[in-house]
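2 protein chains.
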Amino acid sequence: MSFEWKKNLKRLTPYVPGEQPGAENIIKLNTNENPYPPSLGVLSAIEHFDTDSYRKYPDPEASVLTGAIARTYSVDADQVFVGVGSDDVLGMSFLTFFNGGDPVLFPDITYSFYEVWGGLYGIPFEKKSLRDDFTIDREDYTGTNGGIVIANPNAPTSISMQLYDIEYIVKNNPSSVVIIDEAYIDFGGETALPLVDRYDNVLVVRTFSKSRSMAGARIGFAVGCKELIGALCTTKFSYNSYTIDSLTIQIGAAVLADDVYFEVIRKKIIETRDWTSEKLKGMGFDVLPSDTNFLFVTKPGINAKAVFEALKKRDIYVRYFDKPRVSDYLRITIGTDEEMKKVIKVLEEIV
Amino acid sequence: MSFEWKKNLKRLTPYVPGEQPGAENIIKLNTNENPYPPSLGVLSAIEHFDTDSYRKYPDPEASVLTGAIARTYSVDADQVFVGVGSDDVLGMSFLTFFNGGDPVLFPDITYSFYEVWGGLYGIPFEKKSLRDDFTIDREDYTGTNGGIVIANPNAPTSISMQLYDIEYIVKNNPSSVVIIDEAYIDFGGETALPLVDRYDNVLVVRTFSKSRSMAGARIGFAVGCKELIGALCTTKFSYNSYTIDSLTIQIGAAVLADDVYFEVIRKKIIETRDWTSEKLKGMGFDVLPSDTNFLFVTKPGINAKAVFEALKKRDIYVRYFDKPRVSDYLRITIGTDEEMKKVIKVLEEIV
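In order, the protein sequence lines correspond to chains A and B. If you're matching positions, the first sequence starts at 1 in my numbering and goes up one per residue. If you're matching positions, the second sequence starts at 1 in my numbering and goes up one per residue.
Check the hints yourself; a few may be wrong.
When chains are identical, the list treats them as one kind, so a pair holds in a single copy or across two.
Stated by the list, open to error - As a list, the in silico PhoX-like pairs of lysine-lysine whose alpha-carbon atoms are at most 25 angstroms apart:
id, residue 1, residue 2
1, K10, K127
2, K323, K226
3, K127, K6
4, K312, K279
Keep in mind the hints are simulated off the structure, nothing from the lab.
In isolation and in its complexed conformation, chain A is listed as follows (with noise of 0.2 angstroms):
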């Protein structure tokens, strides 16, 4: 065997995700999972499953899914867009928006799969440093470019951005697609939902893999401007005509109805997220403000990567990012009260 054929082969360096481990006892803090299970809607949406259904195509345009999404956000249907994943409505977003020759512009500490779909399509991009505290200058985004892309709240350094921050970016910016990626907002910060009837070169994606606990259903979404999103579905239907199953589809729209149990898990995890907070605090730790289910964190004179290392040991699973200017910090989600405490706990021991 010769791989001549490696001549024609994309080069490429991919996203390295969190460890998903498969122990019992482990107490899991490194991929931002939420510690709650899903709404109870989910069992009642497998249960009314007609299995029979699954030997045909699923409706293409998942249209349970997508409206159950545009009544939950005020938003037409043809304003939202469905994927697998936030990842892959915002890699099909990078393949539809950005395909001019300037560089779509990023923050250098953000979700480090911005870069990878770069690569993966031959996108030029620049990355703006943030400043010394972590925040993101609006004034980096107003540059020539071709396009824009901030998460808000941020990961992981956890920090949101004002709105008016956001806006003056996509104001200023109206020949490019500006995405907010707002996995996170839903543990704070504000959303960028209201621009995208005001401006049609915003588009704002969520997913249900944090605040809906569904990371093991695959389901994120974009909303826009009918317009935006209609580009994207024509990517779509040029790529994979269906990509929601047909109980997935169900599924999802039965989680959106359960917004009482939403509000009572994100809020209880912005409570616990808080305690820790002050906890870590308290022991000397540096903490940065956090928008969102995790902390990012360090402590003057210890050794980042030590620390993680020594908690692994013990069965905790925290994020350690080995990259410049982020090397002395760990990044923890926030588990449950008794997982953080024992997470307090074993780090008293440690530091």
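Chain A is fixed; fit chain B onto it per the hints.
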């Protein structure tokens, strides 16, 4: 709203799937779905699924599913790649393997998504004319190229190629990846799977949508040498870390375990196909020799488009392609015996 962002927009012509009418009383023979429900393994997998586990991301490797596919087809797990239907697998394969400057080759009459993916990724392609009898001439696939895609059996022609002709193409193109799209192989023809261990450049793509009655669940897979599969995984991890949801992983594995039911419905469809074919021939139709779950038929003197419309008025949906060389043909999916008797009866009235 000025839509200035459209200057950076990708221009695409999407694939148009067959209609998915909502009404219940329709005889739906337009998207090559299986008329029989999926294995009861689906129900069992759903009943055993822990819905609380949705809060966590799925296994990014979908190991339970790739393992089940590997066992079923007697290959190693690292020779299997899974995706959201075979469209996801094929689209990702185009992006991964077709990066040379030379055109990718496929027949002029074949699955029309191939040219759509070419357009999506800016991959040059060249369509090779089928012979007058709609068979593929292997000599058309020996010139300079950047990759080759052969649907075997081909769609919408329903005709399969001999394995030694497939092997001839694979052997004569060591520096190209040759994709064999076997969406319909369970209904006839010889699989290219035995070539996978002997050639490093052949990728066999399959789907759960046809013979496994699982179009609604979105599962497709590729089998190849581990280097080809590794390259596909790199692309996948550069696009979306988790494409198959937690429940679908379990359902897919459960369906594969039920080989008895699989054999029963597979053979039943072949039997119904052959009965329908004989009936149509008796009515004066030319029926191409089918190794699939559909028939591609024409009749001298009739207007295929008019017959398509007349059938639709009688709630029978078949597929008509308004394209060169095939505009006199209808593609009729094989349904149940009862459905096909009805089709024959209505056709006798119409033509």
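Practice task
Using 25 angstroms as the alpha carbon limit, work out where K10 and K127 are close: within a copy, between copies, both or neither.
Solution key: Intra 23 angstroms, inter 23 angstroms, cutoff 25 angstroms: intra and inter.
Exercise for the section: With 25 angstroms as the alpha-carbon cut-off, assign the pair K323 and K226 to within, between, both or neither. Expected result: neither (38 angstroms within a copy, 31 angstroms between copies)
Problem - Same-copy or cross-copy closeness of K312 to K279 [CA-CA at most 25 angstroms] - result: within (20 angstroms within a copy, 68 angstroms between copies)
Exercise for the section: Pop the pair K127 and K6 into one bin, within, between, both or neither, using alpha-carbon distances up to 25 angstroms. Expected result: between (30 angstroms within a copy, 23 angstroms between copies)
The structure does not agree with numbered hint 2 stated previously, though it agrees with all others.
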